[in-house]
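There are 2 protein chains.
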Amino acid sequence: MKLRYLTLPVLLLVLSQVANALAQEDPLPSWNDGKTKQSIISFVERVTNENSEDYVQPADRIATFDNDGTLWSEQPFYFQLAFALDRVKAMAPQHPEWKDKQPFKGVLDGDLKAVMAGGKKSLVEIIATTHAGMTTDEFEEIVTQWIATAKHPTTGRLYKEMVFQPMLELLAYLRANDFKTFIVSGGGIEFMRPWTEATYGIPPEQVVGSSIKTQYELRDGKPVIVRLPEVDFIDDKEGKPVGILSHIGRHPIFAAGNSDGDWQMLQYTTIGHKPSFGLIVHHTDAEREWSYDRDSHIGQLDKALDDAPRRGWTVVDMKQDWKRIYPN
Amino acid sequence: MKLRYLTLPVLLLVLSQVANALAQEDPLPSWNDGKTKQSIISFVERVTNENSEDYVQPADRIATFDNDGTLWSEQPFYFQLAFALDRVKAMAPQHPEWKDKQPFKGVLDGDLKAVMAGGKKSLVEIIATTHAGMTTDEFEEIVTQWIATAKHPTTGRLYKEMVFQPMLELLAYLRANDFKTFIVSGGGIEFMRPWTEATYGIPPEQVVGSSIKTQYELRDGKPVIVRLPEVDFIDDKEGKPVGILSHIGRHPIFAAGNSDGDWQMLQYTTIGHKPSFGLIVHHTDAEREWSYDRDSHIGQLDKALDDAPRRGWTVVDMKQDWKRIYPN
Chain A
1 MKLRYLTLPV LLLVLSQVAN ALAQEDPLPS WNDGKTKQSI ISFVERVTNE NSEDYVQPAD
61 RIATFDNDGT LWSEQPFYFQ LAFALDRVKA MAPQHPEWKD KQPFKGVLDG DLKAVMAGGK
121 KSLVEIIATT HAGMTTDEFE EIVTQWIATA KHPTTGRLYK EMVFQPMLEL LAYLRANDFK
181 TFIVSGGGIE FMRPWTEATY GIPPEQVVGS SIKTQYELRD GKPVIVRLPE VDFIDDKEGK
241 PVGILSHIGR HPIFAAGNSD GDWQMLQYTT IGHKPSFGLI VHHTDAEREW SYDRDSHIGQ
301 LDKALDDAPR RGWTVVDMKQ DWKRIYPN
Chain B
1 MKLRYLTLPV LLLVLSQVAN ALAQEDPLPS WNDGKTKQSI ISFVERVTNE NSEDYVQPAD
61 RIATFDNDGT LWSEQPFYFQ LAFALDRVKA MAPQHPEWKD KQPFKGVLDG DLKAVMAGGK
121 KSLVEIIATT HAGMTTDEFE EIVTQWIATA KHPTTGRLYK EMVFQPMLEL LAYLRANDFK
181 TFIVSGGGIE FMRPWTEATY GIPPEQVVGS SIKTQYELRD GKPVIVRLPE VDFIDDKEGK
241 PVGILSHIGR HPIFAAGNSD GDWQMLQYTT IGHKPSFGLI VHHTDAEREW SYDRDSHIGQ
301 LDKALDDAPR RGWTVVDMKQ DWKRIYPN
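Quick note, the sequences are listed as chains A and B, same order. The numbering used here puts the first sequence at residues 1 to 328. The numbering used here puts the second sequence at residues 1 to 328.
Pulled out of the complex, with its shape left as it was, chain A reads as follows (with noise of 0.2 Å):
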């Protein structure tokens, strides 16, 4: 087109078509345009073009991400305790005994300090009581009731609303783009499962987290698998390459986390392999979500910020970069 036809009706239809195009093709919606978007959609971009250097095939993508913090909230403590809690609540009518007893005497007072005055020995004590000595179905079954109707106690939403919209369109957009994407958390993986596919599109297969130990049996005839009071795989740190590797079996080319809980899974996926990616969710963000990092008792992140630049791990400012947290 030449100059001279530039009159305003053409420059505005021309302009309104770029604009649609924006708008139809802007994968990533909630999140500011800005270098932390355009990383991501540059590194996508790369992987996918089978003229760059970078082609990854499609069965090579493999993307990892954490849970807690990393694509829903994970404050004032995990939801998974949240969770614990409740259950001993529940569980409470069957345990009169729990009225004199701690750590559930807190629990059902309401005195988290009590509770937490008994240290790690009473945490595993909860968990071990709401966790175990149920077959895997019911235990499926009553997540399943959970995760339902539970909320959170300060911004009154449930649990399962408390997943950051930015990371949904993240993870909507690398599947677009043949990627295969994972949850590898430090939560339960059967606390995970039960509602992972509906809310993240993630399926149960595709889930790798922390496990108990659980056994098989013929009960009354049925096959049944029983879930037992022992600590089988923790998949947090160093954790977490041994259950990418475990469950997966390929090296991640895309890992997001929050916290130094993913500090080895970041390095794993990116030091020493390219093309990759690592992605941190930073959270600054007090007035919409929290705001916390170095000193925090939940999803401390103070290795893996120090690591990021020199790593070339993309640092996500949730205050900057995302337009909105939450689904509406």
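It is worth saying that the hints were derived from the structure and are not from the lab. Hints should not be assumed to be uniformly reliable.
Repeated chains share a single entry, so a pair holds when one copy, or any two copies, can fit it.
As the list claims (entries may be wrong) - Straight-line Cα separation of at most 30 Å, DSS-like style, residue types lysine-lysine; simulated pairs:
| id | residue 1 | residue 2 |
| --- | --- | --- |
| 1 | K120 | K213 |
| 2 | K274 | K101 |
| 3 | K160 | K180 |
| 4 | K180 | K213 |
| 5 | K213 | K237 |
| 6 | K99 | K303 |
| 7 | K213 | K323 |
| 8 | K121 | K213 |
| 9 | K222 | K237 |
| 10 | K237 | K105 |
| 11 | K121 | K319 |
| 12 | K101 | K151 |
| 13 | K180 | K222 |
| 14 | K151 | K237 |
| 15 | K35 | K222 |
| 16 | K303 | K105 |
| 17 | K222 | K274 |
| 18 | K213 | K274 |
| 19 | K180 | K101 |
| 20 | K222 | K303 |
| 21 | K323 | K303 |
Given the structure of chain A, go ahead and fit chain B onto it with the hints provided.
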């Protein structure tokens, strides 16, 4: 078409079209027509027909296959043991002391009786020596080279060509009907993953097997996962439902095995879960493969065979049901 038009040429044309259609549509060409083949096809048609009472959503079409003796041969001993023995020979130059030390001396002398005289302890020593002490990347490379070249002592075929052609067709048929196919084997998970995708169309993340413990570390600044000489999980017998839960997190609707090591997987898949399909490969063909069941040291099939009629499991009579054993 009125009957008077049914001249011989027309009849031949119709017949040839029918024959063509049948030939094109036979999804299991290496299976002889009969009850076994028909039971498989009938099951797949029922669970994929939306108007059938037995319809199953694609996401729930999970099929699990044992490997040794089910997808490939396992005589005169598990092929992974052949791999271990070959590794002892390959590693011997770095271990001059093995010339005088059992069980390694027995392996190097080709004296398997001397090896077996050491019982389980000797086998564990051989497996630990040949399967641990390297990184997972190094082990993958070792397996990849072995599987590309190693040949069976009596058939002279590459081990990877001793896979069962009828089972390859069954895997492809299930996948064409939106089943997700998994291996659930007592064999080593990292021994299988390097070649199951090329051989069976089953990617690493859909392989479940026995494992040894591994450890993540930064070695000279590079992330590696090191294989440790310690058993982590035995994916056999009661372990198979546990492995299915851990890796898949869904209930299979189809399970195939060939020995009592698969008995619990067959129970778990079928008892109290309809629709479902249990399949047992019965090695009845001493001429084209091997013939063994109740008294075999490898792949003993006894309790599961007794259980098959009352559970409604389909028993494949290899000699009768399969037109051929291996691919051409």
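Against the structure, the hints:
1. K120 x K213: both (19 Å within a copy, 25 Å between copies)
2. K274 x K101: For K274 and K101, neither the intra-copy (54 Å) nor the inter-copy (45 Å) Cα distance is at most 30 Å.
3. K160 x K180: both (22 Å within a copy, 28 Å between copies)
4. K180 x K213: Answer is both; intra-copy 27 Å and inter-copy 26 Å each pass.
5. K213 x K237: Result: close both inside a copy and across copies, 20 Å intra and 16 Å inter.
6. K99 x K303: neither (42 Å within a copy, 50 Å between copies)
7. K213 x K323: Neither: 42 Å inside a chain and 44 Å across chains, both beyond 30 Å.
8. K121 x K213: both (18 Å within a copy, 26 Å between copies)
9. K222 x K237: between (38 Å within a copy, 16 Å between copies)
10. K237 x K105: Cα proximity of K237 and K105: none, with 32 Å in one copy and 42 Å across.
11. K121 x K319: Result: close neither inside a copy nor across copies, 37 Å intra and 60 Å inter.
12. K101 x K151: within (27 Å within a copy, 65 Å between copies)
13. K180 x K222: This pair counts as between: shortest inter-copy Cα distance 25 Å, intra-copy 35 Å.
14. K151 x K237: within (29 Å within a copy, 42 Å between copies)
15. K35 x K222: between (56 Å within a copy, 28 Å between copies)
16. K303 x K105: Neither: 37 Å inside a chain and 50 Å across chains, both beyond 30 Å.
17. K222 x K274: between (49 Å within a copy, 13 Å between copies)
18. K213 x K274: between (36 Å within a copy, 27 Å between copies)
19. K180 x K101: neither (46 Å within a copy, 48 Å between copies)
20. K222 x K303: This pair counts as between: shortest inter-copy Cα distance 17 Å, intra-copy 49 Å.
21. K323 x K303: Result: close within a single copy only, 27 Å intra versus 61 Å inter.
Figure legend: structure checked against the earlier numbered hints; hints not met, in rising order: 2, 6, 7, 10, 11, 16 and 19.
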